[in-house]
Amino acid sequence: MTRQEIMDTTITIVYECVPELEGKPLEESTVINTDTGIDSMGFTLIICRLEATFDVKIPDRQWKKLYTLGDVVSAIEKRLK
Amino acid sequence: MRFSSFAQMLRHFAALSPDAPAFKTEAHGVLTEVSYAAFCAAVETRAAELQRDAGTCLGVLCDGSLACVTEIFAAVQAGRQVVLLNEDATPDLLQAADADCLWGDGDLTEALSPALTGGVKDGRGKLLFFTSGTTAKTKAVVLTEQSLCASAFNGGALLPLQKDDVLLCMLPLDHVFGFVCGLLWGLSCGACVALGRGARHYFDDCAFFRPTALSAVPLLLGFLLQKDLLGDTLRLVLIGAGDCPPQIPAALKAKGVRVSFGYGLTETSSGVALSLGDDPYAMTVCPDDRITLAEDGEILIEAPTCMMQGYYKDAAATKAVLYDGVLHTGDLGSFDEQGLLHIRGRKKEILVLRDGTKIFLPDYEKALLPALQGRDFAVTEQDGVPVLILCGSEDEREALTAALEPLMRDLPLGRRLRAIRFVRSPLPRTATGKIKRWAIQ
Chain A
7 MTRQEIMDTT ITIVYECVPE LEGKPLEEST VINTDTGIDS MGFTLIICRL EATFDVKIPD
67 RQWKKLYTLG DVVSAIEKRL K
Chain B
46 MRFSSFAQML RHFAALSPDA PAFKTEAHGV LTEVSYAAFC AAVETRAAEL QRDAGTCLGV
106 LCDGSLACVT EIFAAVQAGR QVVLLNEDAT PDLLQAADAD CLWGDGDLTE ALSPALTGGV
166 KDGRGKLLFF TSGTTAKTKA VVLTEQSLCA SAFNGGALLP LQKDDVLLCM LPLDHVFGFV
226 CGLLWGLSCG ACVALGRGAR HYFDDCAFFR PTALSAVPLL LGFLLQKDLL GDTLRLVLIG
286 AGDCPPQIPA ALKAKGVRVS FGYGLTETSS GVALSLGDDP YAMTVCPDDR ITLAEDGEIL
346 IEAPTCMMQG YYKDAAATKA VLYDGVLHTG DLGSFDEQGL LHIRGRKKEI LVLRDGTKIF
406 LPDYEKALLP ALQGRDFAVT EQDGVPVLIL CGSEDEREAL TAALEPLMRD LPLGRRLRAI
466 RFVRSPLPRT ATGKIKRWAI Q
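Listed in order, the protein sequences are those of chains A and B. Note that the working numbering has the first sequence beginning at 7, numbered continuously upward. Note that the working numbering has the second sequence beginning at 46, numbered continuously upward.
Hints may contain errors.
A few chain A residues facing chain B, derived, Cβ under 10 angstroms [to be verified]:
id : residue
1  : E28
2  : L51
3  : K71
4  : L72
5  : S80
6  : E83
For the record, the hints were derived by calculation from the structure and aren't laboratory data. Yeah, the Cβ is synthetic: ideal placement off N, Cα and C, and Gly gets one too.
Whenever a hint applies, use it, and build me the whole structure from the sequences.
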C-alpha cells in the first residue's frame, strides 16, 4: 500500500469520525488539534478506526506524540512494512 | 462501612459474601468475574511473596488491569510504600518518590529500572500520587490507605452503592479520582467493579460490562453521550476532576440517569463534597469534612480523616497550603441559602481541562516564551481547552503556528493549544504586570 493510499483512507476515516470536518481540506501538514479541532476523545476514536482498518496497533504512548495527519500516516506506514 | 485498611475491607466482604463478584474483567474476549473471596486470597498470596522480597517502595505503572489492582493492594499489605505512576513516568519521578522496585509493562519497566533508588525506611501504608497540585511543580502527595478508605467511606455514605451495582472504572488509577471513585467507592460498598479496558474500548466498555454506576471526567462523558455509548443499565454517574458544561448533566438526566458532581483534590484523598439533589452544581459537604470560605472566597478544607500527610519530602510546599489542619485550596466557592457548596472558579492560575488535566498557566506561558519572545500573550481556557490569546493580527497565524510547533509536538494532545486568537488591544494586566485572566474575553 502506498503512502498516498494510506493518507486517502486516513482522510476518509477522519471525515467519517468527525462529520463536521466534511468539506475542509485535510493534508499531511494538517495539525490535528488546531487545524481540525479534534479533541483527545475524537482522536482516540480515529486511531481505533485506523488500527482496525489497517490491522495495525500503534502503542498508546505513541498516540500522544502524533501531531499532524502526516505523523499518523507515518505511524501506520511503519507498522505495515 | 468504615474501613481502616484495604486488607480489612477485602477480608470483611470475603467473609460476608465470599462468592459475590468483586470485579468484572475481560479475559481473552470473555467477560469474567472474580469473587471477593478469590480476590482477597490473591492479594494475601501476593503480599506474602512481596514480604519475602527486599523492596521497600514499589512504583506501579498503572494499566488498570486486575493484576495491577492486586499488586497495589498486596504491596500496601506487605508494608511497602506504593507510588502510582502512568505510562508517562520518568526517571525523575521514580527518584523523587524513592522507588526501589517497579511493576508494569516490561519495556517501560526495563527503561526506567536504572533510575531505581535505595528505597525508604518508613513507607508502610503510604501511597504516593503525583499531582500538579495547587502550585506549579508536579509533586508527590502522600496519602495513606486509611485516608483513601475514609474518602471512599465519605463517598459511599452520601452515594451508597448496592451489592448488585456494577461500577465501571474507566479512569486511570494513578489519579486519585480514579483510584477512589472508580475503584474504592465500589469495593467499600461491597459492589462489583468492572475494570475498563483502556482507551481502545471507550466505545464498547458500557455495552460489554453493563454498568449501573460510572465515575468519569467531563470530556469522556461528553464523548460517550455524543456517541450514545452509555447503554441502558446506567442509573448513577459521578462527575469530577474538571469543569463540566451544563449540557452534560442535562443530557444524562434526560436519559433517566442520576447525576452527582464531586469536588475534591488529591490532597484530600479525592472528594470532600458531592451533589445529591436536583442541582448537580450544589454540593453537600462529606461527613468527615468541614469547608469554610476565606474572606476572598477561597475554599478552606478541614478533613482530618482524609487529608494528605503532606507533599513527599517537601515540607515548605506542604506548609504553604496546609497549616493549622486547614488546606488552602486556591479554588473559589460560595454557599447558597441551603448551605450547599458551589465552585466559582480558581484563585490561582491553574487551568483544569475537561479530562482532569491541570495546567499551571505561568509555567505553560514561560515554556511558550522562546517562540513568542517579546509578544503580549496569555493562555486561557475556552470550552475546556487551552487557547492562546495574542495581541497581533491574523496575518501572523502561519508563522506563529510554525514557531510553536516544536513545543506542541512534545505535549500530549489534550495539553496542546487548540487555537490562537488575535486581539488588537494589549492584554489587561494588574499594576504589578500580572495578566487579568478573568478580564480576557
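Each hint tested on the structure:
1. E28: violated (17 angstroms)
2. L51: Since chain B brings a Cβ to about 7 angstroms from A/L51, closer than 10 angstroms, the hint holds.
3. K71: holds (7 angstroms)
4. L72: holds (8 angstroms)
5. S80: violated (13 angstroms)
6. E83: violated (18 angstroms)
Hints 1, 5 and 6 from the earlier list are contradicted by this structure; the remaining hints agree with it.
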